[in-house]
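There are 2 protein chains.
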Amino acid sequence: MDFYEVIRTRRSMRSFKPDPVPEEVLRRVLDAARIAPSGSNRQPWKFILVREKGLKDELVPLAGGQKFIAEAPIVVVACGIDIRHNRGGYMGDMSMLVDVAIAFDHLTLAARAEGLGTCWIGSFDNNGIKDLLKIPQDANVVALTPLGYPRGVFAEPGPRKGLKEIVSEGSFA
Amino acid sequence: MDFYEVIRTRRSMRSFKPDPVPEEVLRRVLDAARIAPSGSNRQPWKFILVREKGLKDELVPLAGGQKFIAEAPIVVVACGIDIRHNRGGYMGDMSMLVDVAIAFDHLTLAARAEGLGTCWIGSFDNNGIKDLLKIPQDANVVALTPLGYPRGVFAEPGPRKGLKEIVSEGSFA
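Sequence order for the protein chains is A and B. What the first sequence shows, in the working numbering, is residues 1 to 173, in sequence order. What the second sequence shows, in the working numbering, is residues 1 to 173, in sequence order.
So here's chain A without its partners, still in its complex pose (with noise of 0.2 Å):
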């Protein structure tokens, strides 16, 4: 698919097949993340893939009680591992999320360019997700999304701020 075309399509989807995802199609949205950069090319990430049922319907409660999370036949959980050699600067051992935000965004556009779809969550209960799924003490959640084939339309994306606002010459005014 035309790269627009992805970013111009994507949409948070809320409603899922249970159609299985094929594991070829899988592996090229996992190896989007895989190939995204990140800073000294760390890739602190690790993606753990929640497809058992038990499983799924646990991380609702986790995650705002959003049950369609648990309707797609995957789950993906995006982890950040602490940055040990972090370089100082106001973000200190947060520049992780930086680099996950990269990781997990070539994910989620991948899903759409294979016509998966995929809804960003990035409020839920980390602790909770780390006792499920035995994440160690220096990992945390980053985000998480449903994995799977969409049902229903493409909603209307919501609205943007235009170029005007978020663009600035020379200063931040």
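Check before you lean on any hint, since a few could be wrong.
Since the list can't tell identical chains apart, any single copy or any two copies may satisfy a pair.
[Unchecked claim] Capping the alpha-carbon separation at 25 Å, the derived lysine-lysine pairs in BS3-like fashion look like this:
(1) Lys134 <-> Lys67
(2) Lys17 <-> Lys56
(3) Lys67 <-> Lys56
(4) Lys17 <-> Lys53
(5) Lys67 <-> Lys53
(6) Lys134 <-> Lys56
(7) Lys53 <-> Lys130
(8) Lys17 <-> Lys130
(9) Lys161 <-> Lys134
(10) Lys164 <-> Lys17
(11) Lys161 <-> Lys67
(12) Lys164 <-> Lys67
(13) Lys161 <-> Lys130
(14) Lys164 <-> Lys56
(15) Lys53 <-> Lys161
It is worth saying that the hints were derived from the structure and are not from the lab.
Please build the complex by placing chain B on the supplied structure of chain A, with the hints as guidance.
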């Protein structure tokens, strides 16, 4: 350009031709960032275009002394606006980092689709750039990149971990 070709051929480019970026091309690249998803559709971002030579030169020491930054006709400085109504969780106000990273990833990928080069810079003097570009108290720099037509050949990408190392089933381990 095909989506997968964009992500497979994106590289950090560190040498630029002085050729200007046509305004319609720049507009498409910025629009790719504009339509990016963000938590609760907050769009907590602003992109400052730095084209004036004196200002670009002043950015160099604030971004690790990397002189190639000022070679490009444009430097894009991505700012994140602090989230006042964050819903808690370990990210706190830092969740704007995730949103800005998504939009900036769209921007750098769109640049590749247009034949432009970028180099995502995540290590910089946040307060120094804030002073230089009159960025207000409640906003911070998340990343910057030179933007222009690259000079020279595309290098090989840095080595990446294999899928087996970054993907797991049902739990982190």
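Exercise for review: Go through the copies and call it for Lys67 and Lys56: within, between, both or neither, with a Cα cutoff of 25 Å.
Suggested key: Within one copy only: 10 Å inside, 49 Å across.
Exercise for review: Give the relationship of Lys161 and Lys130 under a CA distance limit of 25 Å: within one copy only, between copies only, both, or neither.
Suggested key: between (35 Å within a copy, 23 Å between copies)
Check your understanding: For Lys17 vs Lys53, is the C-alpha pair at or below 25 Å within one copy, between two copies, both, or neither?
Key -> within (14 Å within a copy, 54 Å between copies)
Check your understanding: Within a copy, between copies, both or neither: where do Lys164 and Lys56 come within 25 Å Cα-Cα?
Key -> For Lys164 and Lys56, only the inter-copy Cα distance (22 Å) is at most 25 Å; the intra-copy one is 42 Å.
Check your understanding: With identical chains treated as interchangeable, where does the CA-CA distance between Lys134 and Lys56 reach 25 Å or less: within a copy, between copies, both, or neither?
Key -> within (14 Å within a copy, 47 Å between copies)
Check your understanding: Given a CA cutoff of 25 Å, do Lys161 and Lys67 count as a within-copy pair, a between-copy pair, both, or neither?
Key -> neither (30 Å within a copy, 33 Å between copies)
**Study point:** Intra- versus inter-copy proximity for Lys130 and Lys53 (alpha-carbon distance at most 25 Å)
**Key:** Answer is within; shortest intra-copy Cα gap is 18 Å, inter-copy 48 Å.
Point to revise | Status of Lys161 relative to Lys53 across identical chains (alpha carbons, at most 25 Å) | key: neither (39 Å within a copy, 29 Å between copies)
Point to revise | Within, between, both or neither, where Lys164 and Lys17 count as close if Cα-Cα is 25 Å or less | key: neither (40 Å within a copy, 27 Å between copies)
**Study point:** Up to 25 Å CA-CA - Lys134 versus Lys161, copy category
**Key:** Answer is between; shortest inter-copy Cα gap is 21 Å, intra-copy 40 Å.
Exercise for review: Evaluate Lys17 and Lys130 at a C-alpha cut-off of 25 Å and name the case that applies: within, between, both or neither.
Suggested key: neither (27 Å within a copy, 47 Å between copies)
Point to revise | Up to 25 Å CA-CA - Lys67 versus Lys164, copy category | key: Close neither inside one copy (38 Å) nor across copies (29 Å); limit 25 Å.
Comparing the model with each earlier hint shows violations of hints 8, 10, 11, 12, 15; every other hint is respected.
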